[in-house]
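**Student:** Chain residues, written in single-letter form:
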Amino acid sequence: MAERCEVLRVENLTVAYNGQVALRDATFTVLGGERVAVVGPNGAGKSTLFKAIVGLLPVESGWVEVIGCDPQRERVSVGYVPQREDVDLTFPVTVSDVVMMGRVRHIGWLRRPSRRDREVVRWALEQVGLAELANRPLGELSGGQVQRAFIARALAQEAPLMLMDEPFAGVDAASEEAILHLLDRLRERRVTVLLATHDLQMATQWSDRVLLLNGAVIAYGPPAEALCSDALRRAYGEQLTLWEHERGTLVLCDGHCSGGRR
Amino acid sequence: MEWLIGPLTYPFMIRGLLAAMLVGVVCAVLGTYVVLRGMAFFGDALAHAILPGVAVAYLARWPLSGGALAAGLLAAAAIGYLQNRVREDTAIGIVFSGAFALGIVLLSTVRTYTVDLTHFLFGNVLGVSAADLIVMAALSGGVLLLTMAFHKELVLVAFDPVLATVLRLPTTFLRYLLLLLLAVTVVAALQVVGVALVVAMLVTPPATAHLLVRRVGPMMGLAALLGILSAVAGLYGSYYLNIPSGPAMVLVCTGMFLVSLILSRRAGWPRRRNP
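For the record, the sequence lines run as chains A and B. For this note's numbering, count along the first sequence from 1 and bump the result up by 8. For this note's numbering, count along the second sequence from 1 and bump the result up by 3.
Isolated chain A (complex conformation) (with noise of 0.2 Å):
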């Protein structure tokens, strides 16, 4: 895959949840390859951003192009990993039969999967470390073993662009690893991927460039510059403690962000 061409480009983005404008003109580009952290307070517009990149939230204004197609109307492959699934884990599936989910597209209309499919989904599920839990019904599942077959439906879908909305929230030490291994193996094969998170310190140390939202784009560059202190202070302003110091700046949020340092 050409590594600097580029994967998804937004223009002059603004996008309306539930009546109100919760991001404003974004405009910004991500090239292959790259690992793209969204950070910002709740409400930031994170969420929001990538359910207007998926196609879930209808454009307000500008648009989005995923690698030279515009989703609202072009067949693109984006995976998502919402931060909540809210599905019936009563759904009589397995965990194989959710990844498979993910290959309908490459399966299309009228047939049935192909042993190729399978095996993507194999391996889909042996990157999360659910291979030997592929024919349990979902309902079985822990919370965090449910994330990690969601992320494995992303991936089977083999999309270039992948998006994670809080990937970390709430899931146990086990998943936790398995997404961060994860993640480094999406570098390897060059999968551009734009992750929401809470967690300043993770942002800083995964990200190639980081997006700094609140309502709209306050930074997006390299980690040292997209959080310097005073891009922090204008997105996160009260909520916010910067201590600056020789080594570094120790940032205290006392919203539902972690401290970290820099």
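Source of the hints: derived by calculation from the structure; they are not laboratory data. Beta carbons are placed, not taken as given, at the ideal position from N, Cα and C, and that holds for glycine. Be aware that a few hints might be false.
Claimed, not checked - One-sided and incomplete, this derived list gives chain A residues near chain B with beta-carbon spacing under 10 Å:
{"id": "1", "residue": "85"}
{"id": "2", "residue": "86"}
{"id": "3", "residue": "119"}
{"id": "4", "residue": "123"}
{"id": "5", "residue": "142"}
{"id": "6", "residue": "145"}
{"id": "7", "residue": "158"}
Starting from the known structure of chain A, arrange chain B on it as the hints suggest.
**Tutor:** Same frame as chain A, now just chain B:
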């Protein structure tokens, strides 16, 4: 064996049995989606809402299926439109009761009002003619074919509409397809169980199967089997006990549900766990 073959010496019993089995299968297959999507109330409403169409067709001596189908589609569209203004279950309640009342008023203009109404409400499986049977077979066959063709997409939309949107599946098309299939199924079942009891054939066999198996395919297959079983057992029951056939089939369904409820509790299978 005599008690098994005896009733079959009457041609109307054979036609009734075939019709009931057909309805048992097609209702169970469509009903699997109804149960998985939580559309039981919608299915019941749609069944009741076809009554004015049936009544108009009956008065004008048009084919009943045509009138029923037109009314079913009109009701589905009306509910779909009203959903934008009021809550969905409210929209269903308004359309369903209004259409049902209109149907009763229309039928009341006929002299044989009580008998006709009873047949439309609770079915008249022994009155199925050879021509009726052919229409029912064609409707059921069409429904089953389309179901098979779009099965994986219909399951996906039922399980996770968010993924359906992300994958850019035509969700509106799939929703209307399901409503259309449901309307046709209800029309096919009209003569066998009647508009008041269709929902039982739609919901109870799949709900029973849901208690016993843990994948959609087997659930659908088992539901179809239970549908056939209840059709046959119900019809024989009605023959020997001299009770109405539609309610007899429904009671067999209910009985099987209760048995599997007990069995599944015994087996200790985890049900309805909160996420």
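**Student:** Does residue 86 of chain A hold up as a contact with chain B if the rule is Cβ-Cβ below 10 Å?
**Tutor:** holds (7 Å)
**Student:** Identify whether the interface hint at residue 142 of chain A stands, where standing means a beta carbon of chain B within less than 10 Å of its own.
**Tutor:** Constraint on residue 142 of chain A not satisfied, violated at 13 Å.
**Student:** Holds or violated: residue 123 of chain A as interface residue toward chain B, Cβ cutoff 10 Å?
**Tutor:** violated (17 Å)
**Student:** Should the hint that residue 145 of chain A touches chain B count as held when the rule is a Cβ pair under 10 Å?
**Tutor:** Nearest chain B Cβ about 4 Å off; hint holds.
**Student:** Would the stated hint for residue 158 of chain A survive a check requiring a Cβ distance to chain B of less than 10 Å?
**Tutor:** holds (9 Å)
**Student:** Residue 119 of chain A was flagged as interface toward chain B. Is the shortest Cβ-Cβ separation under 10 Å?
**Tutor:** holds (9 Å)
**Student:** Would the hint on residue 85 of chain A stand, with a C-beta cut-off of 10 Å toward chain B?
**Tutor:** With a closest approach of 8 Å, the residue 85 of chain A hint holds.
The structure fails hints 4, 5 (numbered hints given earlier, in ascending order).
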